[in-house]
Amino acid sequence: MNELLFNRLDIYLIAAAFLLAIGIFGLIRRRTLIGMLISGELIFAAASLNLMAFNRFTVHDPAVGQIFVLFIMGLAAAEVAIALSIIVAVYRNYRSVKTAELSELNG
Amino acid sequence: MNSFPASGIVLNAIFLLALATLVGGALLAVFSSRLIRSVCGLAISCVGLAGLYYFLHSPFLALMEILIYVGAVCVTIVFAIMLAEPDEPAADNGGRSVFWSGLSLVVAAAIFAGLAWLGIHGDWASPKKLASDGSLEAIGRSLLTTYSLAFELISLALLVAILGALAIARTGRTKA
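Same order as they appear, the protein sequences are chains A and B. The numbers in numbering that gives the first Met the number 0 rise by one with no breaks, and the one at position 67 of the first sequence is 66. The numbers in numbering that gives the first Met the number 0 rise by one with no breaks, and the one at position 93 of the second sequence is 92.
Everything labelled a hint here was simulated from the structure, so no lab data went into it. As the structure is a prediction and not an experimental result, all values here were calculated from the model. Virtual Cβ for every residue (Gly too), placed ideally from N, Cα, C. Careful: at least some of the hints might be erroneous.
[To be verified] Examples of chain A residues lying across from chain B (beta carbon under 8 Å, computed):
| id | residue |
| --- | --- |
| 1 | Ile13 |
| 2 | Ser84 |
| 3 | Glu103 |
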């Protein structure tokens, strides 16, 4: 085990692809709004990990990717605050956050 | 690398531990039926991601990941779960549920296979020389010079998000 695993770009890329895939899997499969929000956070994490991996291995200036990921984290925090307040408002109106019950027009 | 003979093995083991934490937390976040366990999985996954950031030469982002995701985002989601008490409903009308699970599994597997193939076979060139060392000092310098507009705009976005969250969550409070 002479080779250092953390100096290889493809391991980080595969980890990020796994996070994206499992985030999309959860986004389709979950039947509550909060579960879908958690899966969305996993997709954000996949994007951040991809950016950081390329920033470490292929980019001319290593500070740029870190600043970009910092901005992604800030925007994700804002997005979570808005989404959770929407979820709480939806729960007040419908007494449920299950996506199958959130419908007013039933055919 | 240095004089300690087994340091490569130890470093590889710590890296694999961070990777396993990331993958295991993500699996727990997606597959558990209780949403509070799902949030715990997200927090575990974020700790693993912070470990990977540390290995990518960015201890600053590792600290920020733990501070923002584990400290703020997960705690906020826990509050929402306590307010709304949502548990994943039991699988009803079996046929459609199986169809959607199979479809999401196929989509996720296709995306993972495609991206992993691209990541392995891509020709990623490393740069000849670096413009900065990527240290905290370099980050702070470029945040206040090159990226100062984006820095101010994200503070504005956070302010608008706080006000919007307050305004949305306030409506209907008297009715309830």
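Evaluation of the provided hints:
For the restraint placing Ile13 (chain A) at the interface with chain B, the shortest Cβ-Cβ distance is roughly 5 Å, inside the 8 Å limit, so the hint holds. Below 8 Å, beta-carbon pairs count as interface contacts, and Ser84 (chain A) has one with chain B at about 4 Å; its hint therefore holds. A least Cβ separation of about 16 Å between Glu103 (chain A) and chain B goes past the 8 Å threshold, and the interface hint is therefore violated.
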